[in-house]
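Engineer: Letter by letter, the chains look like this.
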Amino acid sequence: MVPSDLVVELSRWQFAATALYHFLFVPLTLGLSFILVTMETVYVVTGRQIYKDMVMFWGKLFAINFALGVATGLTMEFEFGTNWSTYSYYMGDIFGAPLAIEGLMAFFMESTFVGMMLLGWHRLTKVQHLTVTWLVALGSNLSALWILVANGFMQDPRGGTFNPFTQRMEMTNFMQLIMNPDAQAKFVHTSLAGYVTAAMFVIGISAWYLARKRHVELARRSLRMASLFGVISVIGVITLGDALGFIDGGHQPTKLAAMEGLWHTEKGPASFNLIAFPNQEAQKNDFAIKIPVLLSILVKHDLTSGVTGINQLEQEAVARIKNGIPALTALESIQNQLSKNPALANPAKRANDPALQQALTQFDAHKKDLGYAFLLKYYAPNVSKATPAQIELAAKKSIPEVWIIFWAFRIMVALGFLMLFFLIWATLLSLRGKEMTSPIFLKLAPWMIPAGFLACEMGWVTAEMGRQPWTVYEQLPTWISASTHSVGYMVFSLIGFVTLYSIFIAVEMYLMFKFARKGPDEHGSTGGGGSLAGVPAFARPIQNLNHD
Amino acid sequence: MEVLTAYAILKIVWWILLGVLFAGLAIMVGMDMGVGTILRFIGRTDDERRVALNIIGPHWDGNQVWFILGGGAIFAAWPTIYGTAFSGLYVVMLLLLWSMIVRPLGFEYRSKLPSAKWRNIWDWTLFISGFVPMLVYGAAFGNVMVGFPFHFSLQGTAISVYTGSFITLFNPFAVLMGLLSVSLSVYMGAAMVMGRAEGAMKERARTLVTVAGPVALVLFTIGGVWVAMMKGFTFSGPVDPGMPANPTIGLPVVQESGAWLSNFKHVPILWVLPLLTYLAVITGFIGARADRFQLTWWAGAVAWIGVLGTVAAATFPFMMPSYADPAHSLTIWNSGSSELTLWWMLGWTLVFVPAILIYTSWCFWIMRGKVSAEHVQADDHAY
Numbered sequence: 001m002v003p004s005d006l007v008v009e010l011s012r013w014q015f016a017a018t019a020l021y022h023f024l025f026v027p028l029t030l031g032l033s034f035i036l037v038t039m040e041t042v043y044v045v046t047g048r049q050i051y052k053d054m055v056m057f058w059g060k061l062f063a064i065n066f067a068l069g070v071a072t073g074l075t076m077e078f079e080f081g082t083n084w085s086t087y088s089y090y091m092g093d094i095f096g097a098p099l100a101i102e103g104l105m106a107f108f109m110e111s112t113f114v115g116m117m118l119l120g121w122h123r124l125t126k127v128q129h130l131t132v133t134w135l136v137a138l139g140s141n142l143s144a145l146w147i148l149v150a151n152g153f154m155q156d157p158r159g160g161t162f163n164p165f166t167q168r169m170e171m172t173n174f175m176q177l178i179m180n181p182d183a184q185a186k187f188v189h190t191s192l193a194g195y196v197t198a199a200m201f202v203i204g205i206s207a208w209y210l211a212r213k214r215h216v217e218l219a220r221r222s223l224r225m226a227s228l229f230g231v232i233s234v235i236g237v238i239t240l241g242d243a244l245g246f247i248d249g250g251h252q253p254t255k256l257a258a259m260e261g262l263w264h265t266e267k268g269p270a271s272f273n274l275i276a277f278p279n280q281e282a283q284k285n286d287f288a289i290k291i292p293v294l295l296s297i298l299v300k301h302d303l304t305s306g307v308t309g310i311n312q313l314e315q316e317a318v319a320r321i322k323n324g325i326p327a328l329t330a331l332e333s334i335q336n337q338l339s340k341n342p343a344l345a346n347p348a349k350r351a352n353d354p355a356l357q358q359a360l361t362q363f364d365a366h367k368k369d370l371g372y373a374f375l376l377k378y379y380a381p382n383v384s385k386a387t388p389a390q391i392e393l394a395a396k397k398s399i400p401e402v403w404i405i406f407w408a409f410r411i412m413v414a415l416g417f418l419m420l421f422f423l424i425w426a427t428l429l430s431l432r433g434k435e436m437t438s439p440i441f442l443k444l445a446p447w448m449i450p451a452g453f454l455a456c457e458m459g460w461v462t463a464e465m466g467r468q469p470w471t472v473y474e475q476l477p478t479w480i481s482a483s484t485h486s487v488g489y490m491v492f493s494l495i496g497f498v499t500l501y502s503i504f505i506a507v508e509m510y511l512m513f514k515f516a517r518k519g520p521d522e523h524g525s526t527g528g529g530g531s532l533a534g535v536p537a538f539a540r541p542i543q544n545l546n547h548d
Numbered sequence: 549m550e551v552l553t554a555y556a557i558l559k560i561v562w563w564i565l566l567g568v569l570f571a572g573l574a575i576m577v578g579m580d581m582g583v584g585t586i587l588r589f590i591g592r593t594d595d596e597r598r599v600a601l602n603i604i605g606p607h608w609d610g611n612q613v614w615f616i617l618g619g620g621a622i623f624a625a626w627p628t629i630y631g632t633a634f635s636g637l638y639v640v641m642l643l644l645l646w647s648m649i650v651r652p653l654g655f656e657y658r659s660k661l662p663s664a665k666w667r668n669i670w671d672w673t674l675f676i677s678g679f680v681p682m683l684v685y686g687a688a689f690g691n692v693m694v695g696f697p698f699h700f701s702l703q704g705t706a707i708s709v710y711t712g713s714f715i716t717l718f719n720p721f722a723v724l725m726g727l728l729s730v731s732l733s734v735y736m737g738a739a740m741v742m743g744r745a746e747g748a749m750k751e752r753a754r755t756l757v758t759v760a761g762p763v764a765l766v767l768f769t770i771g772g773v774w775v776a777m778m779k780g781f782t783f784s785g786p787v788d789p790g791m792p793a794n795p796t797i798g799l800p801v802v803q804e805s806g807a808w809l810s811n812f813k814h815v816p817i818l819w820v821l822p823l824l825t826y827l828a829v830i831t832g833f834i835g836a837r838a839d840r841f842q843l844t845w846w847a848g849a850v851a852w853i854g855v856l857g858t859v860a861a862a863t864f865p866f867m868m869p870s871y872a873d874p875a876h877s878l879t880i881w882n883s884g885s886s887e888l889t890l891w892w893m894l895g896w897t898l899v900f901v902p903a904i905l906i907y908t909s910w911c912f913w914i915m916r917g918k919v920s921a922e923h924v925q926a927d928d929h930a931y
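Taken in order, these protein sequences are the chains called A and D.
For the first sequence, position 120 (counting from the first letter as 1) is numbered 120 according to my numbering, and the numbering increases by one without interruption.
For the second sequence, position 222 (counting from the first letter as 1) is numbered 770 according to my numbering, and the numbering increases by one without interruption.
Hints in this document: simulated from the structure, not taken from any laboratory.
Check the hints yourself; a few may be wrong.
[Stated by the list, open to error] DSBU-like, lysine-lysine: derived pairs with alpha carbons at most 35 Å apart: (1) D/750 / A/126; (2) A/514 / D/660; (3) A/518 / D/918.
Produce the entire structure from the sequences given, and follow the hints as far as they go.
Structural biologist: Rendered as structure tokens:
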């Protein structure tokens, strides 16, 4: 029995919906925790009340966001078991480890100290409280590291191999698992994206106050801190994004080809499709604006290398499917022999069994393409009887949905550069003390808040849709990974999640807006800005911030 | 029994560690959930309810990680159990999940607005998110003893197929165990409020401890008699503890009346575990009457260990027996991770679990003492 198509499809929708939703709160937590830590460090070093007011105010927004991050994170952990039970069985030996370590090392620390951070002001000394805030920021970022190590395994499975006696992937090298280049690059890229998101959030709300001349002192300092923090982070995001493209180019050629809308292999120097309308049926772009040579520079970091297109990747998939068939038939034969004679599970006994040894030899010779045989199994349940047409079809389906990935990637990149220019502008204005004199900036900034969130979501879509049709790239196809539920169960759960999450977001947005509008409780700050609140911004001495 | 391989010993170690996590989960997050369950009844005014929430306020989030870590540890060390149990229990898992995900919001959002209606809604949310998860938690152990209707289908890999409905999971014995779990969680929650609140609310909490403890003991006793009569699972032939973790190889498993008592027959020292439960609850009762908070709280923790230990001793080495196809039952021997993964995870656990215990204790130490209404009102961030 295998899961039905509709159940797999609904499981994917549910996972995507809950993950995208969870990923609305995570980036803000990652970034805001570091902004809070910076503010509080300044407070402890200088002893100035205004910085404590800042920590208190942004801390409240942090807490509102954090609650939903925790709540929706619970779903993510359990969904692997509830909806992807075969995936859990097949990959749990490897994939479960970073997830558990995340709990042990990072999430426990973050969650234990967040309560102290929010409620411990009266009980802790300044330095103790600062330490606690640092631990929260460190914990949330370490969390991201371990989650992305787990995700890195799905993108580029390293450190494990298939064991025919347990019928699953098992860990062979823990260091390879955690030192996965995809995971490391994505960790930096993702956490920096979170910092940018949080910076945009703080700048947006601060600008909203400045436009209304409220909490000017607090808002100007927050804006300056956030724009500096943001501009450094966004440069990092773009650099690491480039590194990821480079890494993907090496180990996930289908994702790369889909991102670039590259149907046919281009000899070097390859040109870059700036805009295109990919047509998957016809295997071509209906319309494209090309920039010569750029693709080689972007993904190979030189001027001459060619880039493999979808067409050729499909041909390679055909070869790998054919090579995988003997692996799967050997595996099925091993299973048969085991169930007839369970004693063969014992290594000492299996050594003298020629039939088993023969199957094992055949399996070992072809096991690198076992995943491709599973891909074929969807179209031909008995893979040894697969027709060439079925193999062609399976190869065709080894290519992900091009237009989604192509556009999600471009929207992400465009938003990234938009935020780069915006953050440079914000930083320049703030450093020159002129943020108050640019009404356009102040009006625009709140509207830029969604850009960070949207870019994060699009990045996630690019990465995860680009991995299809695999849950673990080239190892385990999506169709066999899901639990064997009834459609009714899936509809029930999907309705439940949509209802609950809609209520959540409504309540969260309501509170966010309410508390952002309400603003901080200022405790008679001693800085000059407070007393200048009524003075037109252009008449105010620029250096009044710099003196503080 | 022949000498155990290192792999077999590692499996046993991980079974014990899972027990430690389950106990941590029950004691720590169970305590917070108990406070949620009794919130509406023990706190008569809004101030009183806020005091109750702020008693566990700085800790609930950290405590909840025991729950998440429980899930993570099953995934890493018992992946077969993880996939089979969570998908088989689908609707129940969703009820658990949905009741748990409203919990952080209940804490964080409840006191953000002054409206009484708003606060009432979140109070009930906290009730649901205290009561339902602990009911499901206990019921899950109940079902481990009853067994589950699942088998594995071979498709090149093992695919677990659950053949029962979700109603199957709410069989009478599971509900009994669920209520036992709720009563112990109420005990822990009430004990915490008794120790940290003042005045009338503290007295109400104290009374509740002296009710919840004996209720738990009665349910535990009924459960014990029931187990003695129910059909347990046992091996009918030799099983190699060092076998590859593959549930489809098939084990010689049969169902027999009273089989869950056979471990106690073979190793009589195990009777210490149920006895410990009785002693702990009685000690807790006396402690509450004498207004000794520390004694009462720790007695509750020991009671949990006694109950979980009793279930574990009865079911060893079964983790998820199947009555649909007993040969596919999941045991310690056939459902764990590979040897390498278990070694690595053991290393991480040995470093970080002590660290967690140390910093959690530090947090409780810092936040010790009474929580008063004035305190709560003065703190801008208070729940």
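Engineer: So which hints don't hold here, by number, going up?
Structural biologist: Nothing - there is no hint that the structure violates, so all of them hold.
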